[in-house]
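K.L.:
Below, each chain spelled out in residue letters.
2 protein chains.
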Amino acid sequence: MDRLPGFRDFYPEPLPHPDVWSADARNYIFDKWRSMARRYGFREYDGPPLESLELYTTKSGDEIVAQLYNFTDKGQREVAMRPEMTPTLARMVAAHERNYKKPIKWFALPQLFRYERQQKGRLREHFQFNADVFGESDVAADSELISLLIDTLRSFGLTAEDFVIRLSSRNAWHDYFNQRCTDESKAYEFYQIIDKLEREQPEQSKTKLSALGFSFEEIQSFIHTGQPTAELDAILKNLAARGLGDFVKVDYQVIRGLAYYTGVVFEAFDKKGEFRAIAGGGRYDNLVKLISGGKVNLPALGFGMGDVVLLELLKARGLLPKFESGIDLFCLIEDETLRPDSLKLIQDLRSAGFAVDYSLTPAKPDKQFKRAQEIKAAFTIKVERTPSGELMARAKNLQSREEKVSAPSEIVKNLKP
Amino acid sequence: MDRLPGFRDFYPEPLPHPDVWSADARNYIFDKWRSMARRYGFREYDGPPLESLELYTTKSGDEIVAQLYNFTDKGQREVAMRPEMTPTLARMVAAHERNYKKPIKWFALPQLFRYERQQKGRLREHFQFNADVFGESDVAADSELISLLIDTLRSFGLTAEDFVIRLSSRNAWHDYFNQRCTDESKAYEFYQIIDKLEREQPEQSKTKLSALGFSFEEIQSFIHTGQPTAELDAILKNLAARGLGDFVKVDYQVIRGLAYYTGVVFEAFDKKGEFRAIAGGGRYDNLVKLISGGKVNLPALGFGMGDVVLLELLKARGLLPKFESGIDLFCLIEDETLRPDSLKLIQDLRSAGFAVDYSLTPAKPDKQFKRAQEIKAAFTIKVERTPSGELMARAKNLQSREEKVSAPSEIVKNLKP
Numbered sequence: 001m002d003r004l005p006g007f008r009d010f011y012p013e014p015l016p017h018p019d020v021w022s023a024d025a026r027n028y029i030f031d032k033w034r035s036m037a038r039r040y041g042f043r044e045y046d047g048p049p050l051e052s053l054e055l056y057t058t059k060s061g062d063e064i065v066a067q068l069y070n071f072t073d074k075g076q077r078e079v080a081m082r083p084e085m086t087p088t089l090a091r092m093v094a095a096h097e098r099n100y101k102k103p104i105k106w107f108a109l110p111q112l113f114r115y116e117r118q119q120k121g122r123l124r125e126h127f128q129f130n131a132d133v134f135g136e137s138d139v140a141a142d143s144e145l146i147s148l149l150i151d152t153l154r155s156f157g158l159t160a161e162d163f164v165i166r167l168s169s170r171n172a173w174h175d176y177f178n179q180r181c182t183d184e185s186k187a188y189e190f191y192q193i194i195d196k197l198e199r200e201q202p203e204q205s206k207t208k209l210s211a212l213g214f215s216f217e218e219i220q221s222f223i224h225t226g227q228p229t230a231e232l233d234a235i236l237k238n239l240a241a242r243g244l245g246d247f248v249k250v251d252y253q254v255i256r257g258l259a260y261y262t263g264v265v266f267e268a269f270d271k272k273g274e275f276r277a278i279a280g281g282g283r284y285d286n287l288v289k290l291i292s293g294g295k296v297n298l299p300a301l302g303f304g305m306g307d308v309v310l311l312e313l314l315k316a317r318g319l320l321p322k323f324e325s326g327i328d329l330f331c332l333i334e335d336e337t338l339r340p341d342s343l344k345l346i347q348d349l350r351s352a353g354f355a356v357d358y359s360l361t362p363a364k365p366d367k368q369f370k371r372a373q374e375i376k377a378a379f380t381i382k383v384e385r386t387p388s389g390e391l392m393a394r395a396k397n398l399q400s401r402e403e404k405v406s407a408p409s410e411i412v413k414n415l416k417p
Numbered sequence: 001m002d003r004l005p006g007f008r009d010f011y012p013e014p015l016p017h018p019d020v021w022s023a024d025a026r027n028y029i030f031d032k033w034r035s036m037a038r039r040y041g042f043r044e045y046d047g048p049p050l051e052s053l054e055l056y057t058t059k060s061g062d063e064i065v066a067q068l069y070n071f072t073d074k075g076q077r078e079v080a081m082r083p084e085m086t087p088t089l090a091r092m093v094a095a096h097e098r099n100y101k102k103p104i105k106w107f108a109l110p111q112l113f114r115y116e117r118q119q120k121g122r123l124r125e126h127f128q129f130n131a132d133v134f135g136e137s138d139v140a141a142d143s144e145l146i147s148l149l150i151d152t153l154r155s156f157g158l159t160a161e162d163f164v165i166r167l168s169s170r171n172a173w174h175d176y177f178n179q180r181c182t183d184e185s186k187a188y189e190f191y192q193i194i195d196k197l198e199r200e201q202p203e204q205s206k207t208k209l210s211a212l213g214f215s216f217e218e219i220q221s222f223i224h225t226g227q228p229t230a231e232l233d234a235i236l237k238n239l240a241a242r243g244l245g246d247f248v249k250v251d252y253q254v255i256r257g258l259a260y261y262t263g264v265v266f267e268a269f270d271k272k273g274e275f276r277a278i279a280g281g282g283r284y285d286n287l288v289k290l291i292s293g294g295k296v297n298l299p300a301l302g303f304g305m306g307d308v309v310l311l312e313l314l315k316a317r318g319l320l321p322k323f324e325s326g327i328d329l330f331c332l333i334e335d336e337t338l339r340p341d342s343l344k345l346i347q348d349l350r351s352a353g354f355a356v357d358y359s360l361t362p363a364k365p366d367k368q369f370k371r372a373q374e375i376k377a378a379f380t381i382k383v384e385r386t387p388s389g390e391l392m393a394r395a396k397n398l399q400s401r402e403e404k405v406s407a408p409s410e411i412v413k414n415l416k417p
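If you read the sequences in order, they're chains A and B. Per full-length UniProt numbering: the first sequence = residues 1 to 417. Per full-length UniProt numbering: the second sequence = residues 1 to 417.
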């Protein structure tokens, strides 16, 4: 029996096969994500991986259904495995925002699901770092969020040589659109064409834009010579004050595909242009109102960063550490009459916070020692009986070969976890 | 739009409503689970939350389908959201066990799903700590696993006053059955009746047992006076050597409902008997062979511990900590001309590992200070300009009221994250 196509198995390293993923690398990424979000004062939340289908169609229209893992449950409810976290978050915030001081700064690390029928071999799930701010319309919040994005990527060892945040504005594009077209219903289609400019053939974009009454050349000129809006300028100044000016540039090519963005938008890209976007986000000031049926109105903004592109980039730049067993001490049991005393020592060491492993069953001393080396234990430790009948514990540092001998109860205090 | 019945939203504390769950408490539980598993040398893995329906029907028969979130996906595959982790794990181990030294000691913290139609209000998902050992048939492995279970519960502050591991043996029950019945096909039905003895009316159990040709009274006598098997005796001795003897007792009432257990089985219960089982597990030496279609044969054992009962127990015993924002420093910006310098200081503090918050927009000094107190920041910090024009940073310990003043670049070194 195989796993389903597009889903991943995560194994401990060293990996047994190129077809599986590293649980250690995933935890490494999760730890960095959590750690930086907390430094920025973001609090963690989570929601259900399964939601009403309606939560997604309200926001994105019925066409989204083609990309969802949706089904009818046994209670005849139309449900879907979550394709993104923002609708869940907007629902949660709308329900209880009155109990939280503003701005609300929250993050989550959800697993997300998309069923894309046509693209075999492509993943159907991924994990995503989501950070969002509610209740602050000033661009100071946009700056704070972008700063978190930059610092998160930097915490993996990535530098301004490796990535850049491309900053843009739906407002600027909205103004551009309004000055040339009075039919607001065409705005979303227009944004979709701009979003695809980089990936589509120019001729194709040109045709589509003409059909809407826009000039491809004029748009190219706006993208390359358009000046930063006052909002974007304020963000650039804010990031410069933090010393993060090198990580960001205004780039009107970016517009973000999703329908709900309303203000500043941005995407993080590797500078060599080898990978898809590492992260993306922006303002969505109308979504809480939409999801809450008009009951709650809160400005909002956020970004999402997936684990797959990030992992590819870290691998390509040699920035993934080598993951080992994490064992501090391997207890050698060379004399089986001392097994009960060894178990007691192991118990005491673990209680003191050490990671300890040992051979569950009798094994030759050299085999045990080899195992300790294989798993890169920092120390071996063993219980010995002195000629006078006393129990002693002997710890050996496998790097320095230095040994320490003391009473078993003392050795626990002499080692640092 | 509401969340689906039986699913949970997890919010940051303090909780806004009795109907929602604590993301902080969940993280606290996850951290303890991970930490103890690693001290025991267990490595983390994960698998897909969605699997082929066949993976579950192979193991548990078609009757399991009634309890599953199963559906037909857009590629016409029969799939199910995972109701338990063991089949996924057995599949993963069978696929790549040759690349790992035995015993394989792995753990995971999956979210699991069950659709129980009849019981409204009951949860349809929970998180579970799963720890398993593969490739070791000696009861030393059972002892190690039970010891991990005990130490995990102890790490939450639970003591031998609070919980006990009830230890039993499918082998003992199998022998009991075989001595009285030659029709092996009735064994599973027999186990099911024994499993329900504590929860059902005695008359009901009596009738069912009679129908199979068993005496209710004789079974009661076996439960209360049956002697530990050699296996159970070895486990008791092993745990006693570790100093964990008080946490375990032999109790043949326990047999475990699932079909696949083959040897020692156990369950953790609160001593007051107020809650359902906190955890349960045992040997399942035949499952890898079954899942791999006979290709791989490995002895195996494991346990699962859910987050819901554990949380109830910790709450009832007053063992849940109070969760705060986790902010180390709140930066006061009382002079807006110093905001750029304050942003730089905040950036430096965060780079040094501190969790820092501040007011994104101009606010009155007393309002900022009140906010710092509300979120229980350890320190406030602010940038000041001296009469001679120098920038200084003033940090104030909100507990001791002690202040430190130094150059902004120095203050980062003077505080401990």
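Hints are computed from structural coordinates only; laboratory data are not their basis. Some hints here could point you the wrong way.
No copy is singled out in the list; a pair is fine if it fits within one copy or between any two copies.
To be verified - Subject to a maximum C-alpha distance of 27 Å in a straight line, what follows is the list of computed DSS-like cross-link-like pairs (lysine-lysine):
1. Lys416 / Lys32
2. Lys404 / Lys370
3. Lys344 / Lys186
4. Lys370 / Lys101
5. Lys271 / Lys74
K.L.:
Please go over all the hints and tell whether each is borne out by the structure.
P.N.:
Hints, one by one, checked against the model:
{"no.": "1", "hint": "Lys416 / Lys32", "in the structure": "both (24 Å within a copy, 20 Å between copies)"}
{"no.": "2", "hint": "Lys404 / Lys370", "in the structure": "within (20 Å within a copy, 53 Å between copies)"}
{"no.": "3", "hint": "Lys344 / Lys186", "in the structure": "neither (73 Å within a copy, 43 Å between copies)"}
{"no.": "4", "hint": "Lys370 / Lys101", "in the structure": "between (57 Å within a copy, 12 Å between copies)"}
{"no.": "5", "hint": "Lys271 / Lys74", "in the structure": "neither (48 Å within a copy, 37 Å between copies)"}
Against the hints set out earlier in the document, violations occur for numbers 3 and 5.
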